[in-house]
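Asker: Given the coordinates of chain A, assemble chain B onto it according to the supplied hints.
Given next are the chains, with one letter for each unit.
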Amino acid sequence: MNVAIEFKDVNYTADGLHILKNITGVFPEGRITTLVGPSGAGKSTLFKLCNGLRSSSSGEILIKGKKIDEYDPVNLRRNVGIALQSATMTKGTVLENLELPLTLQGERIDKDYAKELLHDVGLSEEFMERNAKDLSGGQRQKLSIARTLVNKPKILLLDEITSSLDRVSQHDIEELIEKVNKKYGTTMIWITHNLEQAINIGQYTWVMMQGELIESGDSSLLNSPKDERVQQFVKGELG
Amino acid sequence: MSYLTLSLTLIFVLIPIILSKTLNLGLEKDTIIATVRSIIQLLAVGYILQYVFDAEHFIYLSLMILLMIAAATQNARRKGASIRGITWKLIVTFIFVEVLTQGILLGLGIIPPTPQFIIPISGMVIGNSMVLGILFLNRFTAEVEDHQDETELILTLGGTPKQAIHRQLINSIKASTIPTIESQKTIGLVQLPGMMSGQIIAGADPVQAVQFQLLILFILLTTAVVTSIMLGFLSYPTLFNERMQFLKFESK
Numbered sequence: 001m002n003v004a005i006e007f008k009d010v011n012y013t014a015d016g017l018h019i020l021k022n023i024t025g026v027f028p029e030g031r032i033t034t035l036v037g038p039s040g041a042g043k044s045t046l047f048k049l050c051n052g053l054r055s056s057s058s059g060e061i062l063i064k065g066k067k068i069d070e071y072d073p074v075n076l077r078r079n080v081g082i083a084l085q086s087a088t089m090t091k092g093t094v095l096e097n098l099e100l101p102l103t104l105q106g107e108r109i110d111k112d113y114a115k116e117l118l119h120d121v122g123l124s125e126e127f128m129e130r131n132a133k134d135l136s137g138g139q140r141q142k143l144s145i146a147r148t149l150v151n152k153p154k155i156l157l158l159d160e161i162t163s164s165l166d167r168v169s170q171h172d173i174e175e176l177i178e179k180v181n182k183k184y185g186t187t188m189i190w191i192t193h194n195l196e197q198a199i200n201i202g203q204y205t206w207v208m209m210q211g212e213l214i215e216s217g218d219s220s221l222l223n224s225p226k227d228e229r230v231q232q233f234v235k236g237e238l239g
Numbered sequence: 001m002s003y004l005t006l007s008l009t010l011i012f013v014l015i016p017i018i019l020s021k022t023l024n025l026g027l028e029k030d031t032i033i034a035t036v037r038s039i040i041q042l043l044a045v046g047y048i049l050q051y052v053f054d055a056e057h058f059i060y061l062s063l064m065i066l067l068m069i070a071a072a073t074q075n076a077r078r079k080g081a082s083i084r085g086i087t088w089k090l091i092v093t094f095i096f097v098e099v100l101t102q103g104i105l106l107g108l109g110i111i112p113p114t115p116q117f118i119i120p121i122s123g124m125v126i127g128n129s130m131v132l133g134i135l136f137l138n139r140f141t142a143e144v145e146d147h148q149d150e151t152e153l154i155l156t157l158g159g160t161p162k163q164a165i166h167r168q169l170i171n172s173i174k175a176s177t178i179p180t181i182e183s184q185k186t187i188g189l190v191q192l193p194g195m196m197s198g199q200i201i202a203g204a205d206p207v208q209a210v211q212f213q214l215l216i217l218f219i220l221l222t223t224a225v226v227t228s229i230m231l232g233f234l235s236y237p238t239l240f241n242e243r244m245q246f247l248k249f250e251s252k
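Residue numbers (UniProt numbering), protein chains in the order written: chain A, 1 to 239; chain B, 1 to 252.
Since the hints were derived computationally from the structure, they do not count as laboratory data.
The model shown is predicted, which means the values in this text are computed figures rather than measured ones.
Hints are all accurate, no fakes.
Among the chain B residues that face chain A by a calculated CB cut under 10 Å, a handful are:
1) ASP149
2) THR156
3) GLY159
4) GLN163
5) ARG243
6) MET244
7) LYS248
Restricting the straight-line Cα-Cα distance to at most 27 Å, the calculated cross-link-like pairs of lysine-lysine (BS3-like) are:
8) LYS162(B) <-> LYS133(A)
9) LYS67(A) <-> LYS248(B)
10) LYS8(A) <-> LYS248(B)
11) LYS115(A) <-> LYS154(A)
12) LYS152(A) <-> LYS162(B)
13) LYS152(A) <-> LYS66(A)
14) LYS185(B) <-> LYS174(B)
15) LYS162(B) <-> LYS91(A)
16) LYS48(A) <-> LYS162(B)
17) LYS133(A) <-> LYS174(B)
18) LYS21(A) <-> LYS248(B)
19) LYS248(B) <-> LYS48(A)
20) LYS183(A) <-> LYS152(A)
21) LYS64(A) <-> LYS179(A)
22) LYS162(B) <-> LYS67(A)
Cβ coordinates follow ideal geometry from the N, Cα and C atoms, glycine included.
Chain A on its own, in the form it takes in the complex:
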């Protein structure tokens, strides 16, 4: 198993709070890993460490075998894309938001490619000239995913991207994740609260609780977890 990201005894502390505790584990390359756990487990913070938006307080993070600090932050973030739960939009149209990753590099997006990306996430091309701030929560989330794909990242971090979507849209995004993973071999790491999604779509799973990595391995571990806390979480007895 090739490794995309490796955590070696990583800790993260902020404002006196120990948010991530001794995290040691790997995210396999080219696979879909789901990251599950109750709220406040430190999942989103872990993503920010992978993308270089925050630095660990101690320990080592390796991206494809190389220490994260040895990467240029801009190149790292273009290769380790992240779609955040907030799906923040900048002032402007859908097209302007979509091509933002390229605008930042002084380039423009090809219109046909823009249409293809929007189509992939389930938005029609009619949306292109609409004001991005007028989109619904679900539409913003779809646009946010499409925007992250523009950089063609090798690793894609998805933070609860389907939580505000209806069932049909959720299904579209699940298909998209599988399609991108197969087509480009992109390593996908996906925070989800939906355990069904985690088992069906995920090939590998991390279960985190209170800043600790409790269990990791093949997604089937969610069917028969060893740890008592994970058993409780799977039964829905923990937040």
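Answerer: Structure of chain B alone, referenced to chain A:
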């Protein structure tokens, strides 16, 4: 004007105090403090200026300008307390603006190199720069705080800190310089500038007073734009670390 006549002008201080008292506005204390401070400060400056003009010595001239820069920095730094090293950034900005404007004025022989010209113009330049600095810092800290998500979004997409803060920076520069530009559009139509009015009242030729006023207006335009841009470009890097991470920001 005699001191007796001058004392009669205190009627204009009494009016707001009476109105404040009647309407319970609570402005009496501040009005009295402002009045007493302005009397003491201006009289002191009057005597100091007289001494400096008579002495005609470079050291006194420099001390006067340094005093202005120190007072302006002290006043403006509170607005930018959430920006690391704001005191030095303000000092550098004020010195740069002063050197730039005086360099052009003296270098091109627009004004003679005498304290009578250098000190009042420096006062206007540094004073205006201070107001612009306050306006800019006020707006910039609010913009940065309100758009933290947007800043972080651009970083996640592979943008540089400069790109991540660009919109907030431009908005703040524009917002702080607009009042200067707008007020110049109506100058002479709505209001007669203080310096020009003062010269005319003192008996100067109105055309010459207008010429000097124009000089000041153009200088203030440069001062406004240079202050905002310089403060902006000195301030934004402190919001990020060397790993291009956006540091936690809270306006104070």
